[in-house]
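**Student:** Residues per chain, in single letters:
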Amino acid sequence: MVSWQTTTASLLSRLTVKQLLQRDVPVQKLRAQIGAIERLFAEHPPGFEIARSQPLPHCDAEWLRARGSKTDRVILHFPGGAYVARLPNMERSMMARLCTAANARARLVFYRLAPEHPFPAGHEDSLGAYLQLLDLGISPDRIVVSGISAGGGMALGVLLAARDRGLPLPAGAILMSPLTDLTDPHDGSRVTNAARDSVLSHKRGTEMRAMYVGGDTERMADPYVSPAFGDFTGLPALFFQVGSTEILLDDSRRCADRARAAGVTAELEVWKEMPHGWQGLPFGPESERAIEHCADFVRECCP
Amino acid sequence: MTRKAIRKSGPRTGKVVAARKFMQVLREDHAGLSRVLREIDAQAALLQSVPGAARPVLAEALRYLLVYQHSIHHRREDQLFARVRAREPRLYRNMQQLVREHRAGHQQAERLASELSRASLGELSGRTGQRIAAQLQQYVQHTRDHMRREEAVFYTGSERVLRTSDWTALMTGPMPRDPAMDPQRFATRYPRLAERMARPQRDVVGLRETASGTDHRARAEQVVERCADLLHRAIDVAQRIVRTLVRSPGGRSQ
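In the order they appear, the protein sequences are chains A and B.
Sequence positions in the first sequence follow the numbering used here and run 231 to 533.
Sequence positions in the second sequence follow the numbering used here and run 7 to 260.
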């Protein structure tokens with residue numbers, strides 16, 4: 231049974247966010263309206279310190295750490311927002327909960343957004359952030375990469391690129407409701423869950439996806455853009471979490487299948503009736519449970 | 007390197023190596039435990055709706071906890087904490103709570119295993135199942151909190167205060183490893199649990215899940231979706247009308 235907190239959040243999202251994503255709204259207005267959700271979250275998670283040391287050349291990045299904590303586990307996190315918008319406070323709040331649960335610190339990378347900075351700008355920022363961690367002397371086996379929604383696709387794209395470059399790979403990756411196929415197949419969960427998904431709609435999807443690749447639609451099948459088309463050989467353990475009513479359900483299923491076929495350990499959790507990105511809700515028992523499962527995975531990858 | 011430098015760094019390096027080896031064993035135990043806790047959490051939520059399938063998995067998970075985590079891993083930690091007691095009693099005072107929790111956790115796991123095996127399938131579908139599921143989830147949450155405190159505070163504290171001789175003594179004797187780290191061994195001992203953990207997909211449900219609840223929910227969602235769409239269309243039309251009126255000469259003059 232879905233908790234009243236998550237039910238309320240789904241209802242509000244269905245009345246507002248989903249309607250917004252279905253309509254012809256300019257990106258700036260979309261950012262402003264989605265940004266209004268940020269008021270629900272504190273800018274600074276209580277008990278945590280945010281450090282903006284070790285900047286990246288082209289985008290903002292920050293360290294998030296519980297005050298007084300000593301840990302060598304690092305979660306390199308890529309925020310969501312369909313590559314065009316983002317909710318930094320929500321991301322911080324979610325990562326603070328994950329860091330507490332997993333006894334880790336987080337590196338949040340606010341990669342450049344489309345349409346101002348189309349692919350590969352954001353991808354390069356994200357890969358650069360991983361390289362920076364290695365340059366700082368952080369052992370890759372103490373790093374777990376994570377991402378939510380578009381950030382999940384970004385995380386997988388970074389893993390594929392790191393593997394292709396022969397870099398040492400992180401210990402694992404957490405993919406929360408990842409967007410892994412920008413070619414938008416009009417079948418499977420994209421169709422069957424179109425009515426049930428309380429957040430996302432693919433009615434305006436073509437335009438949004440084209441923004442990310444700068445209008446070059448042929449690039450949508452590039453594995454760094456759509457990891458669902460990638461070869462997963464050699465990747466570290468992957469942990470997928472997705473809601474059963476999401477249009478992106480098959481994005482996780484397909485990637486988990488591909489990973490397993492390539493001999494990669496891939497765990498897929500399908501959470502019944504959960505809305506897209508429920509892990510980010512700062513209330514609700516399902517969000518807490520999901521974050522605890524992610525923390526279990528971090529402890530497992532980085533003993 | 008001078009002889010003086012070797013004398014100075016030798017025991018320190020030895021301590022670091024010995025400490026790292028022992029602590030790695032403890033951390034790997036936590037890794038295996040974390041994997042199983044995730045499965046217990048998911049199965050506990052299914053206990054009422056599919057007791058016949060969830061019970062054997064949960065029974066094996068509890069057996070794993072009792073046979074390895076509570077009997078071997080916790081004993082190992084208790085030995086570590088006892089060494090800390092001898093070196094720094096002040097730090098140990100805070101560790102006492104963890105030692106107590108080890109005992110309480112063991113008793114709780116035994117009680118849950120016994121209740122789970124005694125209950126009939128009918129009882130598990132009803133209130134008894136609901137109570138056991140809630141207790142299992144409490145146990146999982148408590149165990150995670152416990153691990154967190156151990157890792158965040160006491161493991162680092164132990165590494166700081168213990169000496170090479172302590173670490174060597176702790177490493178003496180057999181060091182059985184967590185069967186969860188060896189999938190074949192694990193599957194032999196806990197076949198149902200291993201089979202469940204190896205499945206390509208884990209369905210996670212909330213407590214007290216019912217199929218009819220899902221149907222009602224889907225229907226209500228459709229109604230909300232339709233109403234929201236109509237409402238937003240009405241807003242769009244109203245905004246267009248207002249814009250037209252404002253732009254028209256008559257509207258401007260008003």
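Bear in mind the hints are in silico, worked out from the structure with no lab data behind them.
It is possible that part of the hints are untrue.
[Stated by the list, open to error] With the Cβ distance kept under 7 Å, some of the chain B side facing chain A (calculated, not the full set): (1) Ser40; (2) His148; (3) His152; (4) Glu157; (5) Ala204; (6) Arg208; (7) Gly212.
Note that this is a predicted model, so its numbers are computed, not measured.
Beta carbons: idealized from backbone N, C-alpha and C, even for Gly.
**Student:** Does Glu157/B pass the interface hint, meaning its C-beta sits closer than 7 Å to a C-beta of chain A?
**Tutor:** holds, 5 Å
**Student:** Quick check on His148/B please, does its C-beta sit within 7 Å of some C-beta on chain A?
**Tutor:** violated, 12 Å
**Student:** Can the hint on Ala204/B be confirmed by a CB-to-CB distance to chain A that is less than 7 Å?
**Tutor:** The hint is violated - Ala204/B has no Cβ within 7 Å of chain A, the shortest such distance being about 10 Å.
**Student:** The hint names Arg208/B as touching chain A; please verify it with the least Cβ-Cβ distance against 7 Å.
**Tutor:** Interface hint status for Arg208/B: holds (5 Å vs cutoff 7 Å).
**Student:** Measuring from the C-beta of His152/B to each C-beta in chain A, is the shortest one below 7 Å?
**Tutor:** violated, 12 Å
**Student:** Any CB of chain A closer than 7 Å to the CB of Ser40/B?
**Tutor:** Since chain A brings a Cβ to about 4 Å from Ser40/B, closer than 7 Å, the hint holds.
**Student:** Does Gly212/B pass the interface check with chain A, least Cβ-Cβ distance below 7 Å?
**Tutor:** holds, 5 Å
When held up to the earlier numbered hints, the structure conflicts with 2, 3, 5 and fits the remainder.
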